[in-house]
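Going down the list, the sequences are from chains X and G. No gaps in the numbering here: position 64 of the first sequence is 64 in the numbering used here, and each next residue is one more. No gaps in the numbering here: position 42 of the second sequence is 42 in the numbering used here, and each next residue is one more.
FYI, nobody ran anything at the bench for these hints, they're computed from the structure. Glycine included, each C-beta is placed from N, C-alpha and C at the ideal position. Hints should not be assumed to be uniformly reliable.
Just so you have them, the derived chain X footprint on chain G, three or more residues with Cβ under 8 Å [to be verified]:
#: 1; segment: 18–26
#: 2; segment: 32–41
#: 3; segment: 48–55
#: 4; segment: 69–79
#: 5; segment: 84–91
Some chain X residues judged to face chain G by a derived CB distance under 10 Å, without partners named [unchecked claim]:
#: 6; residue: I46
#: 7; residue: P47
#: 8; residue: A259
#: 9; residue: S313
#: 10; residue: T315
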Amino acid sequence: VTRHADAEELARFRQGDVSRWRAWRLRSHLGQCADCRKLDADLAEIPALLASVHVPPIPEQLTARIQGALAHEAALRAAPGQAAAAEPAAVPEPSAGPATTTPDSRGARRRRQRNWRLPELPTAGWPVAARAAAAAAAVAVLVVGGVEIAQHTGSSSSRSASPPHAQPRGAPAHGTSGVGYGPALRYTSDGQQYSVTPITSDTDFTPGQLSGQVSGLTGPRSSAVAPATAPTGPAPSSAAHSAEVPSGGTQTFGNFSVANLDGCVNRIAAGNLVVLVDVARYQGSPAAVIVIEAAARPLEVWVVGTGCSASRSDTLTHTQLASGS
Amino acid sequence: LGRAGSALPGPRTAADTQPSDAELLRRHVAGDPEAFGQLFLRHRDRLWAVAVRTLSDPEEAADALQDAMLSAFRRADSFRGDSAVTTWLHRIVVNACLDRMRRRAARPAADGADERTLDYLAAGHAAPDPSSDSDLSLDVMAALRLLPPDQQAALVLVDMLGYPVADAAGILGVSEGTVKSRCARGRARLLPRLGHLRHGTSQPKPGQARRAGNRSVTGDVLPAREGGEEPR
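Looking at chain X on its own, in the form it has when it is part of the complex (with noise of 0.2 Å):
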């Protein structure tokens, strides 16, 4: 008697993948041993278990993020000496604020035919902003090369070391809890450099409400221009970054490293335009929700946990925000 198979070995069997010799002795112990042959025939089955699982096809909106991946870096190819060029201009000027999605080059170009309709941000239409510090939240509309752009503007209550590289403009500091802003984040679309500012509106995302609570804070497309409000002038002293430095080194916003942060919205924004990021929660877990501009498409919202980075998404959740809203 033949000695007993194992399983790998009868696998290699089944696939013709032991020597002729070996071959004849598995078939020959087969015969004998019931063992074996359950073995075998346990085996036969694994590959089409395998077979059995059953995928849905790639996510429309997986194909649009790599697309517009796609189509950034060639923009970024085309044009490589202007996103080099807008580097050292990336940080916005003091003056203007802590610009979101401000282009830091020159002569907008638009490789791809957009409508570029971002959401104009109503001083009076902020609902979880508003819950949290209406006043202290003055938000502008820049419109550069054609291009509308959101801008928020702001102070707040918070203590930070960071570098003031974008101070608010004009914000009021009266009463301000609550709406925080990071560091701005550096993202390039269509080969330009932009900045965006996260805040900390402090809301707790959920997902039956998410969809309300983002159009809370973009608000409706058709909604007035937020006005400059806001008195120009000197900002506050208060007025800054609510980033934090701790002694390690590593700048933190909210529960995210910046560094993350700032890989995360790149990623996703995969050359895109960055409406708001936006550091809060997710059903009380932190997370950053980030709505994106793509083109001639409704607004998406990612909702992303604190692994988030360049090379991550850890997307919680994702929707679009239907048209109009």
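Since the structure of chain X is provided, determine the placement of chain G on it from the hints.
Chain G in isolation, oriented as in the chain X frame:
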């Protein structure tokens, strides 16, 4: 041999009216901003199929696929035409997945990966009883995830997606013998972990892939074993 023609399935659209993969890649290298995007669109379904099965987590798979496509975009000029473009693209995707698996091995399981995967799998089942199908799929994926990454990758390509061993070898950059060996080891290791599932599913459901069927996830019938490139 896998050079002009493709070792792996070609475009879904009529090949004669569309530029070949090699032509698209050549245009991309020459500066055409659209060409690589077309290549991605053409093959996205099967690249996704590989990534999501290899990583068993749709979020990680999405990230890996994005990384892989950007990587392929950037190093397209290093493509020498020794293999089919599809083989090359698959290889980059598989390597991106393997990188992530190895990194994942060094840290605790990603939070919520199973829930995400289950939700995702459930979305793919239109069967009357989607939960049992997706549970089964989840169990299979969970068992697969316990194998060494190399064995996982081989089984994903050969058993799950029905690629010929030669194609899998080209994608993985190893010999056919190595692919077979990894598959055999992987199947043997899966046996005890899938024991509770085997008997309910021995017969493939209609339309489901049998490994011998050479069927891709998109439903295309893959060409029966072609030359493919020589394994390295």
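Given coverage of the segment 18–26 of chain G by chain X, tested with a Cβ cutoff of 8 Å and a minimum of 3 residues: With 0 residues close enough to chain X, the hint is violated.
Hint validity - P47 of chain X Cβ closer than 10 Å to any chain G Cβ: The hint holds - P47 of chain X has a Cβ within 10 Å of chain G, the shortest such distance being about 4 Å.
Chain G contact restraint for A259 of chain X - C-beta distance below 10 Å: This interface hint is violated because 17 Å lies over the 10 Å limit.
Hint status (Cβ of T315 of chain X to nearest Cβ of chain G, threshold 10 Å): 5 Å, holds
I46 of chain X as chain G interface residue, shortest Cβ-Cβ below 10 Å: Given a least distance of 5 Å, the restraint on I46 of chain X holds.
Check of the segment 69–79 of chain G against chain X for coverage (Cβ-Cβ below 8 Å, three residues minimum): Contact hint for the segment 69–79 of chain G vs chain X: holds, 4 residues under 8 Å.
Restraint outcome when S313 of chain X is required to lie within 10 Å of chain G by C-beta distance: For S313 of chain X, the interface hint holds, since the closest Cβ of chain G sits about 5 Å away, which is under 10 Å.
Cβ contact check, 8 Å cutoff: the segment 84–91 of chain G against chain X, three residues minimum: Since three or more residues must qualify, the claim that chain X covers the segment 84–91 of chain G is violated, with 0 doing so at under 8 Å.
Coverage claim, chain X over the segment 48–55 of chain G, checked by counting residues with Cβ within 8 Å (three needed): holds (count 4)
Stated coverage of the segment 32–41 of chain G by chain X [criterion: 3+ residues, CB within 8 Å]: Per the Cβ count (6), the hint holds.
Checked against the numbered hints above, the structure violates hints 1, 5 and 8; every other hint is satisfied.
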